[in-house]
Each structure stands twice: as structure tokens, then as C-alpha cells.
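Participant: Residue numbers (the numbering used here), protein chains in the order written: chain A, 1 to 284; chain B, 1001 to 1314; chain C, 2001 to 2264.
The set of hints was computed from the structure by calculation and includes no laboratory data. Some hints here could point you the wrong way.
[What the hints assert, rightly or not] Simulated DEER-style distance windows between Cβ atoms:
no., chain 1, residue 1, chain 2, residue 2, range
1, B, F1157, A, L51, 26 to 36 Å
2, B, K1127, C, T2080, 26 to 36 Å
3, B, K1127, A, L19, 31 to 41 Å
4, B, K1127, A, G23, 48 to 58 Å
5, A, S229, B, A1056, 54 to 64 Å
6, B, F1078, A, L51, 47 to 57 Å
[Unchecked claim] So, partial list: chain C residues that the calculated Cβ filter (under 8 Å) puts toward chain B:
no., residue
7, P2003
8, I2060
9, T2080
10, R2085
11, N2095
12, F2100
13, M2111
14, T2116
15, R2119
[Stated by the list, open to error] Distance condition first, Cα-Cα at most 27 Å in a straight line; then the derived DSSO-like pairs of lysine-lysine:
no., chain 1, residue 1, chain 2, residue 2
16, C, K2002, C, K2196
17, B, K1224, C, K2196
18, B, K1224, C, K2122
19, C, K2126, C, K2146
20, C, K2126, C, K2196
21, C, K2146, B, K1224
22, A, K145, B, K1224
We put the beta carbon where it would ideally sit given N, CA and C, even for glycine.
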Amino acid sequence: MNVPLGRPRLLDRLSNQRLILIGCSVFLGLLFLAALAAPWLAPHDPYLVNLAVKLQEPSWTYPLGTDHLGRCTLSRLLYGARVSLGFAVLIFGSSLLIGLLIGTLAGYIGGWVDQLLMRFCDGVMAFPSLILVLGLVGIFGPGLKQVIVALMLVQWVYYARMFRGLIMTLKEKNFIAAARVNGSSHWKIFRTHLLPNILPPLLVIGTLEMGWAIMDISAMSFLGLGVQSPGAEWGAMIHEGKSYIRTNPELMIYPGLLIMLVIASFNLLGESLSERFGVTKQTK
Amino acid sequence: MGVYILKRVGSVIPILLLAILLLTVMIHLSPVDPAEAYLSAAHIQPTEEVLAQKRAEFGLDQSFLTQYVTTVVRLASFDFGTSYVSGKPVLDEVLLRLPATVQLALSSLLLAIFVSIPLGFLAGVRKNGFFDHLSRGIAFIGASIPSFWLGYLLIFFFSVQLDLLPVGGIGSPSHVILPAITLALPLIALYTRLLRTSVIETMREPYVLFARTRGIRETIILGKHVLRVAIPPMLTGLGMNLGKLLTGTIIVETVFSWPGFGRYFIEAIFDRDMPIIQGYVFLAALLFIGSSLLVDLLQLAIDPRIARKGGNRR
Amino acid sequence: MKPVLSVEHLTIETTNGQPLVRDISFSLAAGQIVGLVGESGCGKTVTSLALLRLLDEKVIRQSGRIVLDATDLMTLSDRTLRRVRGGQIAFIMQNPMSAFTPVYTIGHQLMETIRTHDRCSKREAKNRAVEALREVNLDQPDRILKAYPFELSGGMLQRVMIALAVCLRPHVLIADEPTTALDVYNQKLVLYYLEKVRATYDTAILLISHDLSVIAEMADHVLVMRDGEIVEQADVFDLFDQPSHPYTRQLLTQHGIQAGGMKA
Chain A
1 MNVPLGRPRL
11 LDRLSNQRLI
21 LIGCSVFLGL
31 LFLAALAAPW
41 LAPHDPYLVN
51 LAVKLQEPSW
61 TYPLGTDHLG
71 RCTLSRLLYG
81 ARVSLGFAVL
91 IFGSSLLIGL
101 LIGTLAGYIG
111 GWVDQLLMRF
121 CDGVMAFPSL
131 ILVLGLVGIF
141 GPGLKQVIVA
151 LMLVQWVYYA
161 RMFRGLIMTL
171 KEKNFIAAAR
181 VNGSSHWKIF
191 RTHLLPNILP
201 PLLVIGTLEM
211 GWAIMDISAM
221 SFLGLGVQSP
231 GAEWGAMIHE
241 GKSYIRTNPE
251 LMIYPGLLIM
261 LVIASFNLLG
271 ESLSERFGVT
281 KQTK
Chain B
1001 MGVYILKRVG
1011 SVIPILLLAI
1021 LLLTVMIHLS
1031 PVDPAEAYLS
1041 AAHIQPTEEV
1051 LAQKRAEFGL
1061 DQSFLTQYVT
1071 TVVRLASFDF
1081 GTSYVSGKPV
1091 LDEVLLRLPA
1101 TVQLALSSLL
1111 LAIFVSIPLG
1121 FLAGVRKNGF
1131 FDHLSRGIAF
1141 IGASIPSFWL
1151 GYLLIFFFSV
1161 QLDLLPVGGI
1171 GSPSHVILPA
1181 ITLALPLIAL
1191 YTRLLRTSVI
1201 ETMREPYVLF
1211 ARTRGIRETI
1221 ILGKHVLRVA
1231 IPPMLTGLGM
1241 NLGKLLTGTI
1251 IVETVFSWPG
1261 FGRYFIEAIF
1271 DRDMPIIQGY
1281 VFLAALLFIG
1291 SSLLVDLLQL
1301 AIDPRIARKG
1311 GNRR
Chain C
2001 MKPVLSVEHL
2011 TIETTNGQPL
2021 VRDISFSLAA
2031 GQIVGLVGES
2041 GCGKTVTSLA
2051 LLRLLDEKVI
2061 RQSGRIVLDA
2071 TDLMTLSDRT
2081 LRRVRGGQIA
2091 FIMQNPMSAF
2101 TPVYTIGHQL
2111 METIRTHDRC
2121 SKREAKNRAV
2131 EALREVNLDQ
2141 PDRILKAYPF
2151 ELSGGMLQRV
2161 MIALAVCLRP
2171 HVLIADEPTT
2181 ALDVYNQKLV
2191 LYYLEKVRAT
2201 YDTAILLISH
2211 DLSVIAEMAD
2221 HVLVMRDGEI
2231 VEQADVFDLF
2241 DQPSHPYTRQ
2251 LLTQHGIQAG
2261 GMKA
């Protein structure tokens, strides 16, 4: 039935969306701040082992209790935030840059360069991403560095495709040609024409990718391949906490809850952004 | 139509070759000397002569191109080499553990489908109704929750607290329940929303209205006309996400000590057992590529329009 | 002539008060073709769906009386209404290519409709379907029954719709822009069969169209609609000869028809 929907409903959805956007941004923002300020916020040294106070209940000294080695859980969670969020941003930034470089090259130059780079992308995309990361870690050895590099090498493909597509459509639309005729500098072209077209999908994919990056980093650490003990990282904390599931389940509940909340926020943010900008999401 | 099938199957090969190329490059760049790794795993003293001999055996002294071609040929004949750790052919080790993984994967898939279809259907038919909100909640959680955490949560509640189900391992039907649920949740999250969207779109179609003007019962319209048209896109989504299923098995098998191929892969990574790692990654790529092919072929069977037209639907 | 369908003060508005159809009244007698003409968006389709009570009650408020053979359809339960739909008031859609569910054969959908209204075996339903197809002169009815909607042309599908509509011998047939999606040849064919239906079964037909020549050719009585209101209704000859409302005159001029130049 082609009947116009009442106006109030639309407004409802819009305000809901805004609420979500604001809520998630605030939550993530606070978390980022907490991560940055961890050295000052954390009540204890997250690596300090003190078997005398192991597996304690929450108290004033240890707000979330201690783990099996007597380390303050809250401090470890805060420092874990630094790892997860920090590296998520790093991975996002670097894979974005790589993707930008390769995608722009492919789109701008075209021809066999484009073909070559795109075939390369196809090759990478032939593997499920986590498995490729695991494979790389398997070949290069376990460790946080290897995991980060592996994630970077896997994520750039989406951005490359995106930038390439953008450049090619812009080429066709003669934006660039027309602007050059006008005598505009490359930077101006970039700013007025490319940026507005690129920012929305970038933001959407970026937020979702950050969520996935955090999931992958914690998964790898959980498996024992990323952050190794005594490192403080949420996935690693679950890995260590699982042996105490019967007596102290909170050791693995806290970090897992945080992971879920962070990823959920990124997902919600990404979804509302994509609704706002009318961008179609890509599923991994 | 036969031409279409052939073309589709054929398009898989270049991608596979590319994937193998990538794999070879990765291994080539590895700082680990396979010969050394093998010797250390086999607990043999790596003297110079033994090293050189092993290197020759592995073909490491040959040019990159030769290595690539050899790899392609070997993989094509399913010769994945032998495990450094056990000394047995990789293929044998794989086949030993594959059934467990397949059992888990299949159970999860079936569970996911059985839950997603009614849930997604009901969510779409009554937008903003109870089931719609329920599906949205599940989708949200399923997409955000780390599966290793979910696994332990389930273990905590059902094994530790309620003592209803076993903590891990394999054996009886009750062993597969928690792992299957853990693996299925992200899938349910996805499929439910896919079906919901598909149902909503289908309900807007003119032929649904026309069926109503003919006086056909609403339950039949929904159950027959809408569902039958709305399901294929969901199946497409299903097929395209088999990679997610595979990735999930790795983590779930580790959490629940499920003796499958995924857990073996992780062990191999810790042991630096290269042939196993290589074999797994290759098979994963094969499955990944093959599944989208399978989905396309399945669509041919389900939607008569594609079969008879050999092309687009709708 | 006693009306078969009588619409009294039908008003349709959205739940937020936006009016779609304002207080319209008209009637259809047995064997009479009433043309409903107007530009797109004036409320023609909304009206036709309202007659079958197919508008979404969560979004639409409908009031007035719709009297079919002495029963007000507005008072009926959903269950009874279902029997009316298809059984006593049949509907023909504008776009025949998208009227049938793509994954079931024509035969399946025809038989489904027949068996929904009359209890009969599959074989009987099939025979009735075949007969109905023959009535609209479609060759090889068996082949058509086995075909999927996408395998038939628009013209054929439109005829199938007519056949389907008629095989249940409804009192009223609502044809919503039945010729718009067709080429000239098929248009003439469809109108021919509609006329045949009227003549054979004395069916009342509500013919909705924005095409004045179709209305001129087929209708006995004409309703001119604009913005949800019926601005003029008259016998077809009178309307084309001496249109009284300025909007009618505007429409006629737009279609290049000179008022008074009506073929008898």
C-alpha cells in the first residue's frame, strides 16, 4: 500500500538514532580517555604479582578484586583497554593508509597496475580473515607484534577496494578533469570533491572494523597467540581466568563483558552512522 | 545453463592459484627455516649436513617459481606433506580430525537454520512486534559477543552452576549442545536479520496484495507465498558466511576441548608445524571459495527463474 | 436498476488525519460498467482497495457504507470478508507481470483460488481453470497451467487474470488500470474480454483508468475523481458531450477530446 507514513514515526526513529549515536560515542570516548589516563587512573601496577592477596573479593584497595597472581583486576582492565583500543586505532589507521595508497594507485593509474593490485586483493580475500591472520602468526611466530602486523595486512583490502571504486567513479564523472581545467590544485580537488564522498562510508566501515579488530586481538590473545602473559589484555585475562571458572568466574566475566560492550558500541555506532549517511554496510 | 555452471566453476581456479601463490610467498618470507623447524620438532640435532640435506629434501634450495609450481601440483593432488611433529601425512591427520569438526559445524548450522527461520519470519511479518524486538536483541548480542567468552559463560551456567551439561570433550549428544549453541549464535544473529529483511521486502510485492484480493487465507499467503520467496536470499547469506562458521570452529573447539581440526590447527601453530598450518589455510581458502560457488549453484535449483533464464532473478 | 454495489459516503484518511478520499458515493448495477477516471494519486486505487477492505487498518481509517447485495461490508468480520474477496468482488491489477507469485505455476495459483472459495477436488479445480482459460481464448490451457508467471507475456497474464476473476462468477469486477501496462493490440483484447464478461455474466464492472479513450469506449457511467473527491458523475454520453465541472473539461482538453465530439 503506497500510503504515506505519519510524520511522528519518522521523528521517533531519528531521535532514537541520535540517542544511540550520542550514547555510544560518549561511552567509547570515556573508555578512550580512561585508557589514555590508565597510568594515573589505575590504583595499582597491573603487573605487580603478590600471591599473598590472590583471588580476593572486591574491596576498597582492590575495587574489582585480584586475580590468581594477586594482581589488581581493575588496573589490568584499564591497561587492557590501552592495548585493545590503542592497537585497534593503530590497525585502523595503518590499514586505512595502505588501502588508500593502493586503492588510489589502482584507480588513478588503471591498466595493468590496477589489474595486478586487484588480483592481489582477490588473493587475500580468498581466505577468511582470521584464518589468514592465524596462518601468518603460524608462519611468523606468536606475539603481539605479529598479530598486529597480520591484522594490518588483512584489513587494508576493504579500504583499497573502496578508494579504488571512489577514484574510478570520480574519474568518470570528470570531477578531477573539470577541476584541473579550473586550475584548482590537487589538494583543493581532494578537499572539496573527494573528501565528502569518502568520509561517510569510511566512518561507517571504520567503526565496524575497529570493533572487529578488537574482537580479533582479544581472540588471538585468548588463544595464547597475541598478548602473552604477563601482559594485561582482555582476551589474555580470559585465557588465564578460565582455569578458575569454578571458584572465581568473575576473572573471566569482567574482561569479556568489557569486550562485548566495546564491540557492541562500535557496532551500534557503525549501524546508526550507516543509517544516517545511507551507506550500505559490508559484512565481513 | 550448463555453460553457466562451467563458467562459474572455472572462475574458481584462478583465485585458487592466486591464493596458493600468496601462501607460498608468505612461507617464503617466514623467518623460520622449515628445515630447522622440522629437525627441532623431531628432536634431531641440526648439524650443517643434516640441515642441508633437509633443505634439499624440502626443495628449499630451488627457485621461487619452481617452488610455487611444485606447491600447486602437490596441493592439486592433495599431497600436503607430512607433519613435523607426528611424521604422518598431513592428509591423514586432517581426515582423522575432520569428522569432529564437521559434526560440530553441521549441528550448529542446523540449529542456526531451525532457529533463524521461524524467528526471522515472525520478526518480518510483524514489524516492531515481540519477535522483531527479540530478533534485534539476539542479533545485537550475537554480533558483539566474543565467542570464547560466550562459551565460558555457557559452561559456567550450565556445567558449573547447574551441572546439566558436560564441560568439554566429545562423546554423547549432550557434549555437542553447548559448543553448537556457541557456534550458532553469531550465525543466528545474521540469518534472522537477513530473513526478516527479505520477508519485509517480499510482503510489499504486488502479488502478495493480489493474493489477498483473491480471498486467500493470510496464513497461507504468509506461509506459502511469502516464505517461499523470502528464503533464498537468506540461504545466499548463509552460503557466503561459511567462512565465519569455519573461523568459529577454531575458537569453539579450543574452548570446549573439542577434538576437531580447528583445535589441531592451533596446536600446530604452537608447534610451528608448517605443513599442517599450510594445509589448513589452503583448505580454508578452498572451502571459502567453494562455498560461494555452492551457493550460486544452489540458487539455480531453488529459483526456477534462474534455471530457465540462466541469469538474473526478480 | 437496483444497484449491486452501493458506496455511501466513503471517507478514507490516515491515522494522522490526512484525508485521502472525501465522502464519495456511487453505485454499480448488474451488467453496468462504471468508469472511474482521474490523474495518478487522486485516490482511485485507494478507493478500489477500500471496497475490498484491504487497507491497512493500523495506518488507515475508513468510514461510510459499502453495501453489496444488502450487506454492509464494513460490518463484516475478516473471515466473511475473505469469502467476498474473489468470490463476490474480484480484482484485476494494473501490472500483470507482477501479479502472480513468481515461484508457483499459474495452474497452482488458479487452483488455489478456486479451491479457497469452493470445496472441490484438485481435478475439478483444474477443469474449471482450463475452462476459464478457454473463455478468454487462450490456447493450450494445459501448457499455461504448467507455466511460471515469468514465462508468459503481459497480455496473456492479463487475460489469465480476467479468466481467474470470472471463474468464480463474482457480482462485481474491479479492474484497476487493466490496459495501462499493455500494447495497443493487447489493450483491445482485454477490453473485448471485459465486455464479454459483462455480457455473459451480467457482472458489474468498476473500470479504473486515467485513459479517457478507454473510459469513453467501455463505460456506461463515469465518475471523475480529483484529490479524493468525485467532482462529477454522469452518464458517459452526457459527460463527454456536456461536461459540467471545469476539471472534467480540463481533462478532456488534455486528452485532446473535444467536448461534444463523442462517438455514439
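Participant: Would you mind marking each hint as holding or not holding in the structure?
Facilitator: Going through the hints against the structure:
1. B:F1157 / A:L51: 26 to 36 Å: 30 Å, holds
2. B:K1127 / C:T2080: 26 to 36 Å: For K1127 of chain B and T2080 of chain C the Cβ distance comes to about 27 Å; the hint holds.
3. B:K1127 / A:L19: 31 to 41 Å: 20 Å, violated
4. B:K1127 / A:G23: 48 to 58 Å: 24 Å, violated
5. A:S229 / B:A1056: 54 to 64 Å: 40 Å, violated
6. B:F1078 / A:L51: 47 to 57 Å: With a Cβ separation near 52 Å, F1078 of chain B and L51 of chain A satisfy 47 to 57 Å, so the hint holds.
7. P2003: Result: violated, 21 Å to nearest chain B Cβ.
8. I2060: 14 Å, violated
9. T2080: 11 Å, violated
10. R2085: The hint holds - R2085 of chain C has a Cβ within 8 Å of chain B, the shortest such distance being about 4 Å.
11. N2095: Interface hint status for N2095 of chain C: holds (6 Å vs cutoff 8 Å).
12. F2100: Since the shortest Cβ distance to chain B is 6 Å, the answer is holds.
13. M2111: 12 Å, violated
14. T2116: Since the shortest Cβ distance to chain B is 5 Å, the answer is holds.
15. R2119: Status violated, d = 14 Å.
16. C:K2002 / C:K2196: 22 Å, holds
17. B:K1224 / C:K2196: 34 Å, violated
18. B:K1224 / C:K2122: The hint holds at about 18 Å.
19. C:K2126 / C:K2146: 11 Å, holds
20. C:K2126 / C:K2196: 23 Å, holds
21. C:K2146 / B:K1224: With Cα atoms ~18 Å apart, K2146 of chain C and K1224 of chain B stay inside 27 Å; holds.
22. A:K145 / B:K1224: 54 Å, violated
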